[in-house]
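Engineer: Generate coordinates for the entire structure from the input sequences, incorporating the hints supplied.
So the protein sequences, as listed, match chains A and B. For the first sequence, the numbering used here begins at 25 and goes up steadily by one. For the second sequence, the numbering used here begins at 63 and goes up steadily by one.
To be clear, the hints were calculated from the coordinates, so they are not data collected in a lab. Any given hint might turn out to be false.
Unchecked claim - Some but not every residue of chain A turned toward chain B, in silico, with C-beta under 8 angstroms:
1. Ala141
2. Leu170
3. Ile176
4. Trp187
In this text the structure is predicted, and so the values were computed from the model without any measurement. Ideal Cβ positions, reconstructed from N, Cα and C, are used throughout, including at glycine.
In case you want the letters, here they are:
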Amino acid sequence: MANFFNRVRRLQSLSDVVSAARTAAAPLGGWLAFSFLAVARSAQAAFSRHFDSGYDPSPSSGRLGGAREGIVVRNLSVRYGERYAFENLTGEFAAASLTAVIGPNGAGKSSLLKVLAGVIRPTSGEVICSALPLHRLAYLPQQDELDREFPITVAELVALGAWRNFGSVRKVPPGLAASVHEAVAAVGLLTVIDRPIAELSVGQFQRALFARLLLQDADVILLDEPFASLDENTTEDLLQFLRRWRQEGRAVVAVLHDLDRVRQYFPSTLLLARVPIAWGDTSISLAGDNLARARKTVGPADGRIGRAA
Amino acid sequence: MSAQFTDLLIGPFETFGFMRVALVACFALALANGPIGTLLLMRRESLDANVLSHAVMPGAAIGFLYAGYSLTALTLGGLLTGLVVAGLAALMARSRPELQDASLIAFYLVSLSFGVMIVAARGSQADLMHVLFGTVLAVDVKALLLIASISSITMLAIAALYRPLAIESFDPAFLRAVGGGGRAFRAIFIALVMLNLVASFQAFGTLLAIGPMLLPAAAARCWTRKVWPTITLATFIGMAAAVLGLLISYYAKLPSGPAIVMGAGVIYGISLVAAGRTRVKPQGLR
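Structural biologist: Here it is as structure tokens:
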């Protein structure tokens, strides 16, 4: 792992290149040096604006004492061609909340998370989220959307969470290795920290992604089926992080299937079946008649919801 | 190593200037193709690159039509249609994602036939062979300078942008969320691939340009999964294939471009068989 960080550090930052160019250009006379510098400066500025807007090494808004903000949605709809993924969603995922999104298959849960994360655009309606443009929003897609064969180690994957401290081209800050180590230890993966992700089990990989979330230090955290095909131990461990994030004032939204777990851990629930069926306290949202309505709206019932109800 | 054997290896390059220029051109291409090919495989975009390599054809053919064997005309024309096709392919991918593979194949076939028709309209059979398979031994100093410049630009760009380029292919949604630029890096990478295909075009032609880019990287990936070792190994394999191919073409009087690609193919085959046995089995559930 130390090797990786040394290698990244060796890549010169853009500002170093500019100062090196200035030294080299000095004997060429003032005008040439000046114009070269101006070009280099504006190129660097343009680069930062378009490709490196995530570079922002200031501490997170929560730690500054300022309040974190959640997400407000108004009349939100997403449509693929003729078919609505979901429509007419209005409400708020507040700061310091822990919301489960639950519903039959094809109810638009993943589409909702994608539109909240800014991955897809809403067909109509709006998403008000101050965390998104500030890159204080973390989104964990379903595992099968990631390339598990990609040649990257656990430490490297986790280090990406601190992206705002180094951005696309800057040097890695000196404290990164320590905080990566800490995050990897927190999810219990120290034994495999230098292994490539291809060698991890599904559960270990999800733990690594949670370690990345720890470093990301986001105000809003969106999780798409984070516990799918995980064993009981891993799920219990990772659920503790969700609780902790809520206590730290973050807005946490997770798509889930397991109703018992939702009742046990999630204070709020959004029951979605293409249209919002219920959104609020878990005990009220998951009342029997709401679940029945959710099943009827989408058609063939999701087995898990049918059983638990 | 006996003196006679050394003479067999070095002799052709000592005697003939064009052999030396060809070798240096292939080395320069290998330096850029190592990282480009490795990234292509990591990003699973080898099919896209193949389509791009044929997209060079119509533009190069039009350049040939108007200016004959002019390096500038061939290069600019090739770059132009290449970028047009890359843009069209990106548009298609966005509007009809379900047809992505089919439209890539369509672009590849249409570019190729269009190019062949243009060359055949004015040129001879030899011209057609030149455009399709290239002529490494006809690379002159001007072409060598072009290849070397493109190769240098490529290596500098990849060194500077390696981090976002790699992450964009692994987890694009994450890169967008943290403000790392997202799709822009895909465009930059495609432009780099285009540039290198145009550089290879002169030497290997439109049908084989992709060969020295992908085969060494594919062979290197048999031996290691780590990125920098793969890049280094791919570069050396590319160079070895160039020496091998040039010597074979010299002694057996065979076309040199195909001989070099064949050399890379043989190394890939050997790597597949030899490395498959020694590779460590991944542990874990998947």
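Engineer: It remains to establish, for every hint, whether it holds in the given structure.
Structural biologist: Hints and how they fare:
1. Because the smallest distance between the Cβ of A/Ala141 and any Cβ of chain B comes to about 6 angstroms, under 8 angstroms, the interface hint for this residue holds.
2. For A/Leu170, the interface hint holds, since its Cβ comes within 8 angstroms of a Cβ in chain B; the closest pair sits about 6 angstroms apart.
3. The interface hint given for A/Ile176 holds, since its Cβ lies 6 angstroms from the closest Cβ of chain B, which is under the 8 angstroms cut-off.
4. Interface hint at A/Trp187: satisfied, since its Cβ lies 4 angstroms from the closest Cβ of chain B, which is below the 8 angstroms cut-off.
When held up to the earlier numbered hints, the structure conflicts with none and fits them all.
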